[in-house]
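Starting from the known structure of chain C, arrange chain S with the ligands on it as the hints suggest.
First to last, the protein sequences are chains C and S.
Read in the numbering used here, the first sequence has 217 at position 217, and its numbers run on one by one without any break.
With positions in the second sequence counted from 1, the corresponding number in the numbering used here is that position plus 331.
Careful: at least some of the hints might be erroneous.
As the list claims (entries may be wrong) - As a list, the in silico BS3-like pairs of lysine-lysine whose alpha-carbon atoms are at most 30 Å apart: (1) C:Lys101 <-> S:Lys413; (2) S:Lys355 <-> C:Lys75; (3) S:Lys355 <-> C:Lys101; (4) S:Lys411 <-> C:Lys68; (5) C:Lys45 <-> C:Lys259; (6) S:Lys355 <-> C:Lys9.
Bear in mind the hints are in silico, worked out from the structure with no lab data behind them.
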Amino acid sequence: MDYSDLIAKLKEGSTRAVARLITILENDINASEAIINSIYKDTGKAYIMGVTGAPGSGKSTFISTITKKFLKKGKKIGIICVDPTSPLTGGALLGDRIRMKENFSLNNVFIRSMANRGQLGGLARATEDTIKILDAYGCDIIIVETVGVGQSEVDIFKSAHTVIVLLVPGMGDDIQAIKAGIMEITDIFAVNKMDLPGADRKVTDIIQMLEMNMNYNYTSENANKNNMKLKQWIPEIVKINSITGENFDTLLDIIEKHKAFMDKLEIYSSYLINRIKSETIQILRYKLTKKVEELIHSNKLIEENISQVVDKSLDPYSMANLIIKLIGLED
Amino acid sequence: MSKQKIIKVLVCKPGLDGHDRGAKVIARALRDAGMEVIYTGLHQTPDDIVNTIIQEDPDAVMLSFLSGAHNTLCPVIMEKLKDQGIDDVLMGVGGIIPEEDKITLEKLGYKGFQGPGTELKEVVEFVRNNLKR
Ligand SMILES: Nc1nc2c(ncn2[C@@H]2O[C@H](COP(=O)(O)OP(=O)(O)OP(=O)(O)O)[C@@H](O)[C@H]2O)c(=O)[nH]1
Ligand SMILES: [Mg+2]
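In isolation and in its complexed conformation, chain C is listed as follows (with noise of 0.2 Å):
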């Protein structure tokens, strides 16, 4: 397939063609490969903002009140919504439009709903691709909406400049969760229905978690110099009410000094080049696996090594060196 009249429909600002890129890109592999190949060059101006938190704790009213806000600056914005692919039936409702009905306008505002389709890690296979076409396309920034599983939606932060992580007062899973590893991911965690009754609690319970895990002081100076001797982000936090607005002049405060913070050279270069080495070992994942598996599946040698792994005169261990060897990648 030729795709270089789509690709030039979407450097001509074509929403129809960006969506039925993103369709391909979702759908085929092998697609991707060639689309990403002849629009790299013009990504990387977007700023890139990951949004996660529990099922229902409000990310799609954030994300829908946070857009308005944006747009009042005159951005472009693109939004990408995962949801969870049933695994019984590989179905999958999405229904995070629901929360975004502002009459956004199809020019300055392009929302895309899309199923991880068993992917863990809380986004789709072709979200970092999709984020490129958005970026390609001029959106200047691109909010990602994970999948809201609460504890392992942490691969967003491979490709966000900024993670943002709701929690809602009340319930102490969330608190649980993000020790389970969204804490070390999270640059902003915004207490979201700061409305309910408490949310200064839930704000004590981030700290004292942060105290307890980064050597993170709050109020202390030094504290403070000894991670930026790290090179570390502080995490801030904010409490919010995404139906009203409320906070949110603050919340803005905070993202524009965490981008600045980003924008720092050794601190941009290094998000990149973990970015890239992240990205490269997603793809060979899926380049080596489907090799992997059609190797398993159809070779003479491989059949024998079966059966002697079955007969234990092999392990499966020994089984997998000689299947690296076979595709060339032994040391």
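Then chain S with the ligands, alone, in the frame of chain C:
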């Protein structure tokens, strides 16, 4: 396009009536049949619907009407789709549609017309068998 292609459907509730139970039931049935279903909630205007179609690029759209608004909204939606040059999306209409209106809607390019009592299996089959791409 490829073996991996998963059918993507947009389920919409246009107009002002406040009942979307039927639409939700259909959305769930299509999901359980292995499709990816975008549900947008109540009170969708023709512009909302067409914008969503442009951005989400679904293979099929199921519009659900209960209140008689189909006669005014369906022609507008189809007109806007034509303006955009979109002609490869299956446009299904379901809900309460009087016989005489079905002919008009069919001429506009709509299909389906599953009433409230329709078996969900039938709706799933309808989508599978009438895709335009
Ligand atoms: N009281 C209150 N309710 C809110 C606030 N923000 C969101 N909500 C409500 O919380 C519910 C869930 O909001 P969503 O935006 O759908 O949450 P989500 O995290 O995107 O949910 P999933 O995508 O299903 O994981 C909705 O009923 C919102 O109206 C808030 O600041 N205060
Ligand atoms: Mg959501």
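Tested hints:
Between C:Lys101 and S:Lys413 the alpha-carbon distance is near 24 Å, which keeps this suggested pair within the 30 Å criterion. Restraint check for S:Lys355 and C:Lys75: not satisfied, since their Cα atoms lie roughly 34 Å apart, outside the 30 Å limit. For the suggested pair S:Lys355 and C:Lys101, the alpha carbons sit about 18 Å apart, so the restraint of at most 30 Å is met. Among the hinted pairs, S:Lys411 with C:Lys68 is consistent with the structure: their alpha-carbon atoms are about 26 Å apart, no more than 30 Å.
For the proposed pair C:Lys45 and C:Lys259, the alpha carbon gap of about 13 Å is at most 30 Å, so the pair holds. About 35 Å separates the Cα atoms of S:Lys355 and C:Lys9, which puts this hinted pair outside 30 Å; it is violated.
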